[in-house]
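In order, the protein sequence lines correspond to chains A and B. Position in the first sequence counted from 1, then plus 440, gives you my numbering. Position in the second sequence counted from 1, then plus 440, gives you my numbering.
In case anyone wonders, no lab produced these hints; they're calculated from the structure. Even glycine gets a Cβ: it sits at the ideal position worked out from N, Cα and C. Don't take each hint at face value.
To be verified - So the derived list for chain B, only partly shown, Cβ under 7 Å to chain A, looks like this:
hint: 1; residue: 465
hint: 2; residue: 471
hint: 3; residue: 472
hint: 4; residue: 474
hint: 5; residue: 475
hint: 6; residue: 478
hint: 7; residue: 480
hint: 8; residue: 481
hint: 9; residue: 486
hint: 10; residue: 487
hint: 11; residue: 506
What the hints assert, rightly or not - Distance windows between CB atoms, simulated:
hint: 12; chain 1: B; residue 1: 519; chain 2: A; residue 2: 515; range: 41 to 47 Å
hint: 13; chain 1: B; residue 1: 505; chain 2: A; residue 2: 492; range: 20 to 26 Å
hint: 14; chain 1: B; residue 1: 468; chain 2: A; residue 2: 454; range: 31 to 37 Å
hint: 15; chain 1: A; residue 1: 498; chain 2: B; residue 2: 462; range: 21 to 27 Å
hint: 16; chain 1: B; residue 1: 519; chain 2: A; residue 2: 468; range: 29 to 35 Å
To be verified - Residues of chain A placed beyond 10 Å of chain B at every Cβ, according to the derived structure:
hint: 17; residue: 477
hint: 18; residue: 493
hint: 19; residue: 511
The lines below spell out each chain.
Number of protein chains: 2
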Amino acid sequence: MTFLARIHIALKPSVLDPQGAAVVRALGSLGFDEVADVRVGRYGELRLAAPDEDAARARVTAMCDTLLANTIIERYEFTLEPTPAEETA
Amino acid sequence: MTFLARIHIALKPSVLDPQGAAVVRALGSLGFDEVADVRVGRYGELRLAAPDEDAARARVTAMCDTLLANTIIERYEFTLEPTPAEETA
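Let the sequences and hints guide you as you build the complete structure.
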């Protein structure tokens with residue numbers, strides 16, 4: 441089966457987010473001064489083959505822990521959905 | 441009211457994603473060779489004050505069009521949810 445994993449990676453809430461603070465300032469200078477807080481993270485869509493959803497979940501977790509996320513300062517979460525093999529994102 | 445906007449920004453499907461291709465190669469070299477395709481994008485959580493959800497939607501759309509997304513090569517989508525003003529992400 442082929443699965444589409446949608447992965448969100450963001451800084452942990454306790455970690456300072458200077459990029460988010462810069463976006464707040466930039467928005468403010470453009471007149472969007474109603475914005476109180478911005479957190480910036482990464483988003484990825486990943487297509488993988490796996491025998492079933494549990495196996496896919498285990499593999500994507502391993503990918504996040506090994507390469508995709510820095511688990512010291514970042515948290516991640518993902519969803520999985522089965523997809524036809526030939527579909528493109 | 442205060443709203444939390446969760447914004448996804450990704451390259452349009454027709455645009456080459458070299459960062460995603462690099463992730464596919466890096467995962468393959470780590471043994472994750474079941475991965476067929478990766479698209480990398482940005483994810484942001486933005487807290488803003490607005491009189492109602494329609495107003496918040498209009499403002500976040502304007503922010504994305506003006507600053508957050510490059511609409512020539514990127515597409516964006518977002519969800520809005522009302523939040524207590526004092527909550528932190």
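Tested hints:
With its C-beta approaching chain A no nearer than about 11 Å, residue 465 (chain B) sits outside the 7 Å limit, and its interface hint is violated. For residue 471 (chain B), the suggested interface contact is broken, since its CB lies about 9 Å from the closest CB of chain A, more than 7 Å. The beta carbon of residue 472 (chain B) comes within 5 Å of a beta carbon in chain A, closer than 7 Å, and the hint placing it at the interface holds. Contact between residue 474 (chain B) and chain A, as hinted, is supported at the beta carbon level, the nearest pair being about 5 Å apart and thus within 7 Å.
Contact between residue 475 (chain B) and chain A, as hinted, is supported at the beta carbon level, the nearest pair being about 5 Å apart and thus within 7 Å. Of the supplied interface hints, the one on residue 478 (chain B) holds, with its beta-carbon coming within about 5 Å of a beta-carbon of chain A, less than 7 Å. Checking residue 480 (chain B) against chain A by beta carbon gives a least distance of about 5 Å; that is within 7 Å, so the hint holds. Interface hint at residue 481 (chain B): satisfied, since its Cβ lies 4 Å from the closest Cβ of chain A, which is below the 7 Å cut-off.
Hint on residue 486 (chain B) holds. Least Cβ distance to chain A is approximately 5 Å, under the 7 Å limit. Interface hint at residue 487 (chain B): satisfied, since its Cβ lies 4 Å from the closest Cβ of chain A, which is below the 7 Å cut-off. Satisfaction of the interface hint for residue 506 (chain B) is found here, the shortest Cβ-Cβ separation to chain A being roughly 6 Å, below the 7 Å cut-off. The supplied range of 41 to 47 Å is broken by residue 519 (chain B) and residue 515 (chain A), whose beta-carbon atoms lie about 19 Å from each other.
For the hinted restraint 20 to 26 Å between residue 505 (chain B) and residue 492 (chain A), the CB-CB distance of approximately 41 Å leaves it violated. Evaluation of the 31 to 37 Å hint for residue 468 (chain B) and residue 454 (chain A) yields a pass: the beta carbon distance comes to about 34 Å. Roughly 24 Å separates the CB atoms of residue 498 (chain A) and residue 462 (chain B), a value that falls within the hinted 21 to 27 Å. Between residue 519 (chain B) and residue 468 (chain A) the beta carbon distance is about 23 Å. The supplied range of 29 to 35 Å is therefore violated.
With 10 Å as the threshold on Cβ separation, the claim that residue 477 (chain A) sits away from chain B is violated: the shortest Cβ distance comes to roughly 4 Å. Against the 10 Å criterion, residue 493 (chain A) stays outside the reach of chain B, whose nearest CB is about 14 Å from its own CB. Remark: the non-interface label on residue 511 (chain A) is consistent with the geometry, its nearest Cβ contact in chain B lying 16 Å away (cut-off 10 Å).
Violated hints, listed in ascending order, are 1, 2, 12, 13, 16, 17; each of the other numbered hints is respected by the structure.
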